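Input sequences plus hints: build the corresponding full structure.
There are 4 protein chains.
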Amino acid sequence: MAKVKVSINGYGNIGKRVAEAIKKQNDMELVGASKVNPDYHSHDAIKREIPLYAISNPDGFTEKNIEISGTVDDMLKKSDVVIDCAPSGVGLMNASLYARHPHAKIIYQGGEAANTAPISFNAQANYDDAVGKKSVRVVSCNTTALSRVIKSLDDAFGVQKARVAIVRRAADPNDASKFTLNAITPTTVYPSHHAVDLNTVLPHIKITTMSCVAPTTLMHCHMFFATLRNPPSEVSNVFRVIGNNKRLLIISAKHGLYSTGQIKDLAYENGRQFGDLYETGVWKEVLGIDADGELGMSLAIDQQAITIPETIDAIRAVTATADKETSMELTNTSLGIGELDLKTYAPQIQKQKFV
Amino acid sequence: MAKVKVSINGYGNIGKRVAEAIKKQNDMELVGASKVNPDYHSHDAIKREIPLYAISNPDGFTEKNIEISGTVDDMLKKSDVVIDCAPSGVGLMNASLYARHPHAKIIYQGGEAANTAPISFNAQANYDDAVGKKSVRVVSCNTTALSRVIKSLDDAFGVQKARVAIVRRAADPNDASKFTLNAITPTTVYPSHHAVDLNTVLPHIKITTMSCVAPTTLMHCHMFFATLRNPPSEVSNVFRVIGNNKRLLIISAKHGLYSTGQIKDLAYENGRQFGDLYETGVWKEVLGIDADGELGMSLAIDQQAITIPETIDAIRAVTATADKETSMELTNTSLGIGELDLKTYAPQIQKQKFV
Amino acid sequence: MAKVKVSINGYGNIGKRVAEAIKKQNDMELVGASKVNPDYHSHDAIKREIPLYAISNPDGFTEKNIEISGTVDDMLKKSDVVIDCAPSGVGLMNASLYARHPHAKIIYQGGEAANTAPISFNAQANYDDAVGKKSVRVVSCNTTALSRVIKSLDDAFGVQKARVAIVRRAADPNDASKFTLNAITPTTVYPSHHAVDLNTVLPHIKITTMSCVAPTTLMHCHMFFATLRNPPSEVSNVFRVIGNNKRLLIISAKHGLYSTGQIKDLAYENGRQFGDLYETGVWKEVLGIDADGELGMSLAIDQQAITIPETIDAIRAVTATADKETSMELTNTSLGIGELDLKTYAPQIQKQKFV
Amino acid sequence: MAKVKVSINGYGNIGKRVAEAIKKQNDMELVGASKVNPDYHSHDAIKREIPLYAISNPDGFTEKNIEISGTVDDMLKKSDVVIDCAPSGVGLMNASLYARHPHAKIIYQGGEAANTAPISFNAQANYDDAVGKKSVRVVSCNTTALSRVIKSLDDAFGVQKARVAIVRRAADPNDASKFTLNAITPTTVYPSHHAVDLNTVLPHIKITTMSCVAPTTLMHCHMFFATLRNPPSEVSNVFRVIGNNKRLLIISAKHGLYSTGQIKDLAYENGRQFGDLYETGVWKEVLGIDADGELGMSLAIDQQAITIPETIDAIRAVTATADKETSMELTNTSLGIGELDLKTYAPQIQKQKFV
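Chains as they are written, first to last, in the numbering used here: chain A, 14 to 368; chain B, 14 to 368; chain C, 14 to 368; chain D, 14 to 368.
Don't read these hints as lab results, they were simulated from the structure. Quick caveat: nothing in here was measured; it's all calculated off a predicted structure. One or more hints might be untrue.
Same chains, same label: a pair holds when it works inside one copy or across any pair of copies.
[Stated by the list, open to error] DSS-like cross-link-like pairs, simulated, lysine-lysine; straight-line CA separation at most 27 Å:
no. : residue 1 : residue 2
1   : LYS60     : LYS37
2   : LYS174    : LYS164
3   : LYS60     : LYS36
4   : LYS174    : LYS219
What follows is the structure, given as structure tokens:
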């Protein structure tokens, strides 16, 4: 079977991650990546042997001795699928560019508004809805994390209502210009957009969310309360459901993972490229069932990594080159999802819990 | 009527606030405050004309030319009520000291374990339970804030279940030695102790809480989800309940209060001593009623200030010198609670909402 | 003698401080303050009984029921002196406004470029140069702090060369929107503008500076290295010079002041309005003389407070209503400068040092 | 030639870096690493196929199913050289352990006091002094960075006096328990210990240092002022000296490297293991020569990485298996030092400067 030709429009923090993930797929080929400015990310692309295409000013690259392979239009001509990794809000502005290349399917990366594409996408939640579509939007980092958790819980226990408090990281580690410093800044709307966004992929779920921004760069943290239709009798039932989903990862303070700082360190330690944690982290100690059967749990989310697996799945969905289970398994295997040593680390503890 | 003689055991961030609040009460007299070390807080006490008593090493004070009025035992002999403002966990260790002065009633300030005193106290929730008691514990900052909100909501709408996500400040502004830096650290137990603590003053409330620590010094932030027995038909009903409780304060991003940073600035601006916000802040924009009648809201809590009014009320309760309504009104008036300009700031907006 | 009529153009963090300082001067009268937007600072001005004038949109204030006394032109008509407290860079844009009121002298607050006014001002350094002038610029917070220290050292020992490393706070406490988070950001020019700025008030001083921004809101910190023409034989000589300048303040970790956090707390404790530290803090333990006679010292600077005394002095200078010594003494006394308890806190230690 | 057998006593943030660096040396063999606790770092060692030895409690490891190869004594028996990577201050307490294994040479990793070993070590500064010695101490991160810069400058221009302001990171990224939050904390001694430490490897240099801690985890930042005996006529001379030293790296805001955040990102981007920057970064834009010939420059230092190359060199020095130039070149090549793309990134700019 011919490989799917994929290109990245907008090579930055997310674009580089998508590009590296595509390289690891046997059924895909990376055409190249585009950039506006010839900064150090451009140089990085060259070093990774990713053909670079200029979005607007080819001479700017040439002046800095950065070799480019053409313009963004040249790149799109060769692509079956383009992944729009432009900054939030720019995706919609790329409409005229994409209109010039009607053969190419478009996947909008997280952060875009729901109306950017007719279909919002989360592999677990609605893979089949995206099969063969012209363009889809992968939902944002927080929504991707929630979709996985809620879909798994809903399948197992029936989610009657989810209520989520989201503590967001203020900025990415390499971004030193927009933040909240020594303060907590709530998102001043109720519910926050995350509830609305979750319903784009899981429309039948009753959900409310609030969010605030805290001065940290590493990860988001969710505190999650759910009313379940068929509450499990004990937490081991919940851990079993989580353990069966490779895109969820149980983390424990007993292993030294007592803050988001150690979790990121663990990902680096384990050789994950860019120190990425593709999985939604679920804190073992902060999961419980109330006397009335409601579930409480706390999640840790790597904002830069979490949507990467779903983006790879979206490529297979829009090109109809694999079904849901096949795609998710291919993506998991290629990225090492479900193979972090943590899960095999303390087998006795897990045995006690799961038997 | 003779004034109630009150002393402070442990003069620090909280002790100084309690001392200043006592000075403002016409029915109380400040005997003095005790300290372990002759550091700059000692000097501050002298400047505020608060008689200083040495907890353990009187000579240490004399050597530094800091005048003391005696030992902590001397202080207790003169006191009707002693407020234990020792650091968290030390209150219990003061038992033998207090046993030597059986006439003095004891009020333990927030942060102590529930078993430190037979009664846990929140003025709104259970004033009457504390009347005439030998010792009571004022619940901690987060629990005090929640008690006020939940009691008000419960009286108005019946709280069937509360679920609260608590984002805690890592340290006080003048404490540079224990923290979480650039990370989010969950409290690794479910539920967090706050739910248990809330039930010491409101035992009939079904509640669960989770908490995490964020790297900020200014205020705590709560995200609060409640199922109500008799849900209000619109948010104006909720704002009316909040508006009727002087110890709650509606704050709005429209007034420039878009993070905890501006809220603390507002308190300083308004001439509040130490920049203290005694009220539980309720963010106007982050309050809503779900389609199913559940309530969501976000709170801002000044960890150093919020228990001060309840501590003053506790003095009147244990000495049986005033009933609940009288005490709360005296405390409110003396501390300016309910008089922050914010409430009168944008009358039209409030009119639209409340009419 | 008629009081000097002073107005504030731009009422914000600095404007409110200048306004309150003017109220405390017996020889001055506050005409009022202007604002662009009717936000909570406007309300604060009303509460402080400061007549408010609209800079551009009077109806916006009226719509929010905020009483104004007229337009900024109305305010300037009544003023002998206007203090430009507009954000950095806006001062220059107010030229046409000021041109319509040629009788009013103008004092530009810190943060403006040197060419905004013909004279840059620091009371100690060059008061006499500003006497009777039409407009002067008070140098910025870091430069004001350095001017005081360098002028004192130069008078006492002759400064041959000063080299200063400046660690700047990233944002003010009530500003949650522009920062550096978990990173250190150098000012990428050598020398930083502070050296150039210092020479506008002390042109004969040989100086170089570098600066970087750290993620904190409280204070700047300087590390200062100076070659002296007549090096003192011991540090007590330096402490004597510092002790004789009321606008410098010796602070000590021995008093519990081991970070900028405690220093701000101290200022609040001592009842300073807004918790302001008008003095340049000099860390006692971080001051030494090298074997070759060079001096090292570390400074702590409250970015919001430090230029206030100099601004008050500038009013007297441009109106020629007092000479340098008289003005500085009036300003010091009215603002309590030189009266922080710290100086009298540990007399024995100081005696040992200074005798 | 037989490979030098090296073991790591204390496997943590630094130990893992040393271990990985040793693996990359053709003339060395990694015996194993020891640990006190069976936490996630232990698991990491297993995954990296590093034989693990228990420092005190072998059963603790066995209970958690972590395979160990013996005790720390077993490890030392097999070692020619042991690298002490214990936390600061613990090195000295390991004396009796090392006394039981007199054949093994000891290298103390940065952070230990100067009296821990008879020789303090920096490869460039005093390699020859360490040849064949029983034990040496690699100086700390800040001192290592300064030794490189000062040695290079001294060789080229003669350093008459160095004055350095050090802004230290408060904690490592995976350490969430000891810090300074939203404050700047000076080291309250003059000079700071860094000057003293620098003189242990470069005793003839006249130097003074001050330091303060800022709330960041990523890197230290130095602001450096030097009087030179033979000042260069232009900055290009200085850049040439820096460019000729592979352990120094010129970084530029023009390449998007405007804070320590981007520098760490760059190191990750370039595939450096753990995102380590072994080189001392020198900010291109913050380097200048004053009119009087003095030099100012600003440095960026990766606290976890910078001493690794010198530690590898120290192994060759104490075993007398290579001379200084050979060792430094072997270390550089094996770790990719001097090969970051940054140096080849903007050749035109460098041509202009260096020709």
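Report the numbers of all earlier hints that the structure fails to satisfy, in ascending order. none
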